[in-house]
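With the hints as a guide, dock the two chains, each given alone in a separate frame, to form the complex.
Taken in sequence, the protein lines are chains A and B.
1 is the number of the first residue of the first sequence in the numbering used here; add one for each residue after it.
297 is the number of the first residue of the second sequence in the numbering used here; add one for each residue after it.
Think of the hints as simulated: they come from the structure by calculation, not from any bench.
Yeah, the Cβ is synthetic: ideal placement off N, Cα and C, and Gly gets one too.
It is possible that some hints are incorrect.
Said to hold, decoys possible - With beta-carbon atoms standing in for the labels, derived distance ranges:
id, chain 1, residue 1, chain 2, residue 2, range
1, A, G65, B, R571, 41 to 49 Å
2, B, Q542, A, N108, 43 to 51 Å
3, A, S160, B, R571, 18 to 26 Å
Said to hold, decoys possible - Facing chain B, a subset of chain A residues (Cβ under 8 Å, in silico):
id, residue
4, T105
5, R199
6, V221
7, G241
8, A244
9, M247
10, V275
11, A278
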Amino acid sequence: MSERILAIDGLCAALSPRGRSADGAALLRAVSLAVAVGEVHGLVGMSGAGKSLITKAILGILPAGIELTGGSIRFAGNELIGCPEARYRQLLGREIALIPQDPLTALNPSRRIEAQMTDVMRLHLSLTRRAARARALALLRDVRIREPEAVLRRYPHELSGGMRQRVLIAIGFACEPRLIIADEPTTSLDVTVQKEILRLIRDLQRRQNTTLLFVTHDLGVVAKICQRVSVLHAGMILEHGATADIMAAPRHPFTRALFAATPRYDAPAEALAPVPAAVLSEIAGAAQRFDAARRG
Amino acid sequence: MTRIESGRDLIRAEAIHVALPDRGRRRLFGRTPQVDILRGVDFRIGRGETVGIVGESGSGKTTLGRVLLRLLQPSAGRLYFDGQEITAADQETLRPLRPRMQMIFQNPLSSLNPRHTIGEIVGAPIRAATARAALRDRVATALRRAELGPAYAGRYPHQLSGGERQRVGIARAIVGEPSFILADEIVSGLDVSTQAQILTLLRSLQRDMGLALALIAHDLSVVRVLCDRVVVLWQGRIVEQGTCAQVFAAPRHAYTRRLIAAIPLPEIDDGWFDRPEIDADIDAEA
Chain A
1 MSERILAIDG LCAALSPRGR SADGAALLRA VSLAVAVGEV HGLVGMSGAG KSLITKAILG
61 ILPAGIELTG GSIRFAGNEL IGCPEARYRQ LLGREIALIP QDPLTALNPS RRIEAQMTDV
121 MRLHLSLTRR AARARALALL RDVRIREPEA VLRRYPHELS GGMRQRVLIA IGFACEPRLI
181 IADEPTTSLD VTVQKEILRL IRDLQRRQNT TLLFVTHDLG VVAKICQRVS VLHAGMILEH
241 GATADIMAAP RHPFTRALFA ATPRYDAPAE ALAPVPAAVL SEIAGAAQRF DAARRG
Chain B
297 MTRIESGRDL IRAEAIHVAL PDRGRRRLFG RTPQVDILRG VDFRIGRGET VGIVGESGSG
357 KTTLGRVLLR LLQPSAGRLY FDGQEITAAD QETLRPLRPR MQMIFQNPLS SLNPRHTIGE
417 IVGAPIRAAT ARAALRDRVA TALRRAELGP AYAGRYPHQL SGGERQRVGI ARAIVGEPSF
477 ILADEIVSGL DVSTQAQILT LLRSLQRDMG LALALIAHDL SVVRVLCDRV VVLWQGRIVE
537 QGTCAQVFAA PRHAYTRRLI AAIPLPEIDD GWFDRPEIDA DIDAEA
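Next up, chain B with everything else stripped away, as it sits in the complex (with noise of 0.2 Å):
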């Protein structure tokens, strides 16, 4: 394993391309032909950093998502975790990192499994490496910090809100004391009360734990609410990259565009729907 010069990164990402077979071509007989997922793909963020990745489905972003955390070996390219390059490090180097690198999935009531106690769910990723008193109090601390009171852990998923539930799967994620979390589209199903009070939560996690946050979204506005950067994917390329302050005042690519116009903010516009969509420029500037 070689060890190179980190600088601020934490992870690191270069030219990285994943190819996967293409379901929809299989055939009977010989390979399944592949399908280009990501393209050549740059990404890095710093301790503490927070960093939104945009897209529709099928951009790409939950793919990078999952090779950001190594779930998934990329075709090509390079993956260093806090200086280590991990690209094709087997499970064994993976497992001491695993507890740094974590994961808050999409949707809280099929990630969480259903026999399993409140308690014992957030307390898997440092069960092995923990004590039996020290476990529950560490559990303890983590459903706390995500606002939920040690009463939960006694509770089984079922018997949660969709809110409570999302907590449930961000003190999983805590509870070893990460330095990294992947957020693969966290709030979609959520009301907007419950979905600012995860978000709100979240920020305020991130900054006390100086997590480095990457957040995957379709919405550019919760993106916002939660990072300092974002990188915009689509067909597997990043196509435009910047503060979040910077794209959405200003977006440079034709994609950006289509996506910010897509949003429906909360307000009275009646050019709207007739905002022309501009697919014809996108494929221009790709």
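With the rest of the complex left out, here is chain A (with noise of 0.2 Å):
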């Protein structure tokens, strides 16, 4: 296999134990998981199944009453848990950033665009206000923005979804970093501007040969946009693959649950159906024996 940027190996996570009750509920169960640099790679899953505490962990912003409880995160061969916040400080922008799902919130609202994309810029890449602002508008022609003078003096709110989307991926690829996280970066978008920002985010992926971890949960994105793809279900990696064998012979029951509950405009509506309730409690079982193993 190629160089690993990102290896995830046996990560496990819980809820802090508080006071003297005995152990927290497990959230992660010895997720693995490796990426190759220029790959990408995506992570699938439902809401609760782990994807976000994943991505959080890998960028240290685990929240409060949540910790890893085992396994390790090497970026670049360097471990992550448990590196200092001042190396987290010097990574994050530079070498691994983020492409946010809600480009609402993601933003400043009370700052103007250019601020907001320049920081980062003349923060990691010490440039002066001049270059950081002539890089700032290079991005934005890359991400096809048309007015780009006019789009940096703007605040977020004066800007469509589509326009915000926009920016935060320019903001993303500005220090040409070697890992990007996107975590759901379409879901919100009318389907044509899902395109449009998918073509973009793949065009500069290939130009900078950035590595790429895409979290979603629709199977039809990572068609299109991920080389490899992971499963995820109740904090448990449930199938990895090349994208292609899975979408052609998906092996685990949910992800086969996954594609029939996915529905398609060329089938008919009667082959649509949720997860089926006992594949749920197989993994839930599967958890639960995870979870005691741990613990006897």
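This is the structure:
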């Protein structure tokens, strides 16, 4: 296998045990995930599966009350768990960047786009104000914004959802990071805008040879942009492999159920079915056995 | 109020125009310029029929929905509900019709009052006209039909998951035994499995209760699950309509083809990104 930029190995997370109560509920159960340089890797699961917990663990921003109870997260060979905050400040934005889900809450409503775009470049690339502005304009052109000068003067609320998402993509790619985590970046967009946004991400990713961890619940998006995919439920990776293989022949019953739950305009409506309770309880049983083995 | 021969149409909208003030061009003095949102839309839905209204943001689909419920009075055109013209009807005329036409909203959290219990929220549409004991029964029935247990009646919106909140929205919409429901982007924030649950629930309720359902969506795959017919809106006009099977298998208008081409189906398709966008053709056909 080619060089791994991100290697998560046996990652476990749980609610922090409070007071005298024995142990907190497990949230991640020995999650392993290897992503090669230049790969677009899909992380697929329903809400509550643990997708955003994994991304927060990578970014070192786990919420209070949740702690990692085992495993490792190696970025370019270096352990991220327990790495000092000063090191994280060097990494985030520069080597690891995030394209968030909700562009409105991710942007500061009281600052112009220019300030929000140039902050990260002035900090990490030591650019002057003028040089950072020039780079911001170039980036906005890269994400096909027609009047970049005007957009730099705007506040977030003055832009459409699609435009805000373009700005956030530009910010994500600004310092040519080695790893970008894209957290459901197209979930709230129209299908036509979604396609343009996916195309932009793919083009920039190819040009910079960025590694992308693409978090989504949409197997359709995975099929179009990811080379490899990991399917997550109940904090466990149930299946992983090349996207083409999983699209052609999903092995895990949960993955097969996800396909059956995805509506298709070209298929009769009767084909649609939610994930069966039997599949979910089977996974819940496996989770319980995992937790018991860890306690035992 | 004139009565007309309604045939089998539950709602009929003829040549609907809507113009609203253009907030982007607000002036300090004088009238704000108007912008046309709907430009002559004809729409009908029969009893028990399911129709998808699709288009992108700005196509006018939400505005059309607001007109169909007469939440918004059209600038021109005529609107009939069950044979009765309601184009310019006042609140008093509309009040007895309200329980028969209901809506399920896009964002279940912001459309539910956080201070009210689920029981109060679900019962609200029929509270004024229903005795207290009967109200409790009808709320319980609506919750059960939406596949929520009776215990939910005492809970608050923030205690529920996104899928449960959407079920509350459905229970509230069906509690008054309506004949028409408008559902506006009801599954766009939900993950696929929850989405499939809500869609199959709504499909079986629609069939059991004989509801006429208009589903507003930008995702044509969602429309296919619930609707017999689809109308495609673009820039305030209907550019194509027909049965879902027809339109999705052989779209005639360039805009419909563009919407379909943008849907990422869960299958490998190497040419998907390279398939040309065809805006020029759309303008040519418009």
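Evaluation of the provided hints:
1. Checked against the hint of 41 to 49 Å, the pair A/G65 and B/R571 passes, with Cβ atoms roughly 47 Å apart.
2. In this structure, B/Q542 and A/N108 meet the distance hint of 43 to 51 Å, their C-beta atoms being roughly 48 Å apart.
3. The beta-carbon spacing between A/S160 and B/R571, approximately 24 Å, falls within the hinted interval of 18 to 26 Å.
4. For A/T105, the shortest C-beta to C-beta distance to chain B is roughly 14 Å, which exceeds 8 Å, and the interface hint is violated.
5. Interface hint at A/R199: satisfied, since its Cβ lies 5 Å from the closest Cβ of chain B, which is below the 8 Å cut-off.
6. The beta carbon of A/V221 comes within 5 Å of a beta carbon in chain B, closer than 8 Å, and the hint placing it at the interface holds.
7. Among the interface hints, the one on A/G241 is violated; its C-beta lies about 13 Å from the nearest C-beta in chain B, farther than the 8 Å criterion.
8. Because the closest C-beta pair between A/A244 and chain B is about 5 Å apart, less than 8 Å, the hint holds.
9. Satisfaction of the interface hint for A/M247 is found here, the shortest Cβ-Cβ separation to chain B being roughly 5 Å, below the 8 Å cut-off.
10. Annotation: interface hint on A/V275 holds; nearest CB of chain B at approximately 4 Å, less than 8 Å.
11. About 14 Å separates the beta-carbon of A/A278 from the nearest beta-carbon of chain B, more than 8 Å, and the hint is not met.
Comparing the model with each numbered hint stated earlier shows that hints 4, 7, 11 do not hold.
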